[in-house]
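> Fit chain A to the known structure of chain F by using the hints.
Here the protein sequences line up with chains F and A, keeping their order.
So for the first sequence, the numbering used here puts the first residue at 194; every next one is plus one.
So for the second sequence, the numbering used here puts the first residue at 194; every next one is plus one.
Simulated from the structure, these hints should not be mistaken for lab results.
Any given hint might turn out to be false.
Identical chains blur together in the list; that is why a pair holds if it fits in one copy or across any two.
No farther apart than 20 angstroms at their CA atoms in a straight line, the calculated lysine to any residue pairs in the SDA-like style are these [as the list claims (entries may be wrong)]:
#1 K452 - M374
#2 K308 - D390
#3 K452 - D390
#4 K452 - G441
#5 K280 - E376
#6 K332 - A199
#7 K308 - P383
#8 K200 - L323
#9 K308 - T382
#10 K308 - V338
#11 K452 - G328
Number of protein chains: 2
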Amino acid sequence: MGLKGAKVGIIGGSGRMGSWLGGLLEAQGAEVLRSGRSSGLSAREMVRQCRIVVVSVPIAATIPVIQDIGPLVPQDGLLMDLTSIKKPALDAMLRYSHSQVVGLHPLFGPAPESKGLSIVVCPGRGQEGLDWITGIFQKSGIRLVFLEPETHDRMMGIIQGVNHFATLALALCVKDSGFNMRELLDCSTPTFRQILDRIRAMLEQPSSLFGSLLMDNPFAEGSLQTYQQSCESLERIIRGGDRKAFQGLFESLDGFFNKEGETS
Amino acid sequence: MGLKGAKVGIIGGSGRMGSWLGGLLEAQGAEVLRSGRSSGLSAREMVRQCRIVVVSVPIAATIPVIQDIGPLVPQDGLLMDLTSIKKPALDAMLRYSHSQVVGLHPLFGPAPESKGLSIVVCPGRGQEGLDWITGIFQKSGIRLVFLEPETHDRMMGIIQGVNHFATLALALCVKDSGFNMRELLDCSTPTFRQILDRIRAMLEQPSSLFGSLLMDNPFAEGSLQTYQQSCESLERIIRGGDRKAFQGLFESLDGFFNKEGETS
Numbered sequence: 194m195g196l197k198g199a200k201v202g203i204i205g206g207s208g209r210m211g212s213w214l215g216g217l218l219e220a221q222g223a224e225v226l227r228s229g230r231s232s233g234l235s236a237r238e239m240v241r242q243c244r245i246v247v248v249s250v251p252i253a254a255t256i257p258v259i260q261d262i263g264p265l266v267p268q269d270g271l272l273m274d275l276t277s278i279k280k281p282a283l284d285a286m287l288r289y290s291h292s293q294v295v296g297l298h299p300l301f302g303p304a305p306e307s308k309g310l311s312i313v314v315c316p317g318r319g320q321e322g323l324d325w326i327t328g329i330f331q332k333s334g335i336r337l338v339f340l341e342p343e344t345h346d347r348m349m350g351i352i353q354g355v356n357h358f359a360t361l362a363l364a365l366c367v368k369d370s371g372f373n374m375r376e377l378l379d380c381s382t383p384t385f386r387q388i389l390d391r392i393r394a395m396l397e398q399p400s401s402l403f404g405s406l407l408m409d410n411p412f413a414e415g416s417l418q419t420y421q422q423s424c425e426s427l428e429r430i431i432r433g434g435d436r437k438a439f440q441g442l443f444e445s446l447d448g449f450f451n452k453e454g455e456t457s
Numbered sequence: 194m195g196l197k198g199a200k201v202g203i204i205g206g207s208g209r210m211g212s213w214l215g216g217l218l219e220a221q222g223a224e225v226l227r228s229g230r231s232s233g234l235s236a237r238e239m240v241r242q243c244r245i246v247v248v249s250v251p252i253a254a255t256i257p258v259i260q261d262i263g264p265l266v267p268q269d270g271l272l273m274d275l276t277s278i279k280k281p282a283l284d285a286m287l288r289y290s291h292s293q294v295v296g297l298h299p300l301f302g303p304a305p306e307s308k309g310l311s312i313v314v315c316p317g318r319g320q321e322g323l324d325w326i327t328g329i330f331q332k333s334g335i336r337l338v339f340l341e342p343e344t345h346d347r348m349m350g351i352i353q354g355v356n357h358f359a360t361l362a363l364a365l366c367v368k369d370s371g372f373n374m375r376e377l378l379d380c381s382t383p384t385f386r387q388i389l390d391r392i393r394a395m396l397e398q399p400s401s402l403f404g405s406l407l408m409d410n411p412f413a414e415g416s417l418q419t420y421q422q423s424c425e426s427l428e429r430i431i432r433g434g435d436r437k438a439f440q441g442l443f444e445s446l447d448g449f450f451n452k453e454g455e456t457s
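Just chain F, same shape as in the assembly (with noise of 0.2 angstroms):
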């Protein structure tokens, strides 16, 4: 019995990045529940009626979940999950379920352009099960980039953790500098004013999701590190007044930013 025309179950449903998997699936011709806080359904009734099972809720909260349903998935069923950090969720996946597995990460906001979407595929277990969902995503002209879980979270240390850890330190910095948003405002520059809009983007999702991203990826701690040493290589610099040392670093990022892109 093959995945196609299977009932597809997605646990947290009504979540954002479950909403937008649910109605990219419908508009493929899948079948769709969803459980979640407006659903009348709970996580396990409706994993007994499905074959693909979809986990889609907050970080903290994949591994317990995972570990609740991973044994209910038939199988010949599929398990997928959606966060934003890879090994300890194909981790449980992959002992707690008997089924095929792979992990998700969309590469996107909770609001996606309808252009030019990024998700991460971790294969896990089988090859059903990976076949069927990559097939939709390339139908619906999403890109795919295949990565081992590990990768993945080395790179998302850097370009989620140590990017949020970074804006948000600059946040607090701009707190305490005495001055107030009015001043602030008045004198903002272009590119102050697109932080400050980073900012304000950032304080209006829930803060979990920050605080998972830099302490449930169990390579942030090792990027934040890299973070601290920049700031201080590069502190050290500007409190020597090496101007000379400055322009070298200067032309070692645009080696890196610039050239290396031309070139590849």
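Relative to chain F, chain A alone:
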């Protein structure tokens, strides 16, 4: 003899901000001379022909240029500068000239959009010169932000100094992450892509500009200390896995960046 109709000389008039101001003054009917690398006119020769003089050279060159040409500006003339650090420039203009003095800092980049431009005005000496230049800006639809030079520099220690510092430190950390640009681009989230764009935009400008903003602003060092403390507080919370403290931090930031803006 009023300033209206007086010749304006811009030192560094072929540079980006000098060109912008020259064009704006000409559009308002002023006669503008320019000295600079590509003009045959030396700064001293030009200043001798002008009653209004604008210094628009890199920050590190500003004080020496003011020292050189300040004494040549007539007492009823007007000396101005366009640099991003105001206290040292104002101090030098007041010290080396007997003319009227106004410090200016356009709060926009080298390619100003036509709408919503703001400029910081630091009055130095004389009312007529101040009225003349602010009148021209107002006629051009530019919003004026009056500030003490020291207050301006303190704010720019954050708005430019820490902001650029955090971006450069992140750039350095990304470069040292062990991933290449191709891999990073493949896995970029929208906010990370924004950061990459910002880094590339910085690297297109001369490193000396950012070096000066971080090394020549007397208040940048204090701001960098505040940033370091912010990084340390945040790291402590993350290392300790203190999700309650993390949430509290988020809420206090929300109070500052969102709530305060609403009530003012």
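> Does each hint hold? Answer for all of them.
Hint check:
In this assembly of identical chains, the alpha carbons of K452 and M374 lie at most 20 angstroms apart only when taken from different copies (10 angstroms versus 38 angstroms within one copy). When the C-alpha separation of K308 and D390 is checked against a cutoff of 20 angstroms, the pair qualifies only between copies, where the shortest distance is 19 angstroms, while the shortest distance within a copy is 22 angstroms. With identical chains, the CA atoms of K452 and D390 are at most 20 angstroms apart between copies only, with a shortest distance of 14 angstroms across copies and 29 angstroms within one. In this assembly of identical chains, K452 and G441 lie within 20 angstroms of each other by CA distance solely inside one copy; the values are 15 angstroms within and 42 angstroms between copies.
Taking the shortest Cα distances, K280 and E376 sit within 20 angstroms of each other only across copies (18 angstroms), while inside one copy they are farther apart (45 angstroms). In this assembly of identical chains, K332 and A199 lie within 20 angstroms of each other by CA distance solely inside one copy; the values are 18 angstroms within and 68 angstroms between copies. Taking identical chains as interchangeable, the C-alpha atoms of K308 and P383 lie at most 20 angstroms apart only when they sit on different chains, with a minimum of 12 angstroms there against 26 angstroms within one chain. Only within a single protomer do K200 and L323 lie at most 20 angstroms apart by alpha-carbon distance; the minimum there is 16 angstroms, versus 74 angstroms between protomers.
For the identical chains of this complex, K308 and T382 are inter-copy neighbours only, at 14 angstroms across copies versus 30 angstroms inside a copy, given an alpha-carbon limit of 20 angstroms. For the homomeric pair K308 and V338, the shortest alpha-carbon distance inside one copy (16 angstroms) is at most 20 angstroms, but the shortest distance between copies (40 angstroms) is not. For a Cα distance limit of 20 angstroms, the shortest separation of K452 from G328 qualifies neither inside one copy, at 35 angstroms, nor across copies, at 45 angstroms.
Checked against the numbered hints given earlier, this structure breaks only hint 11.
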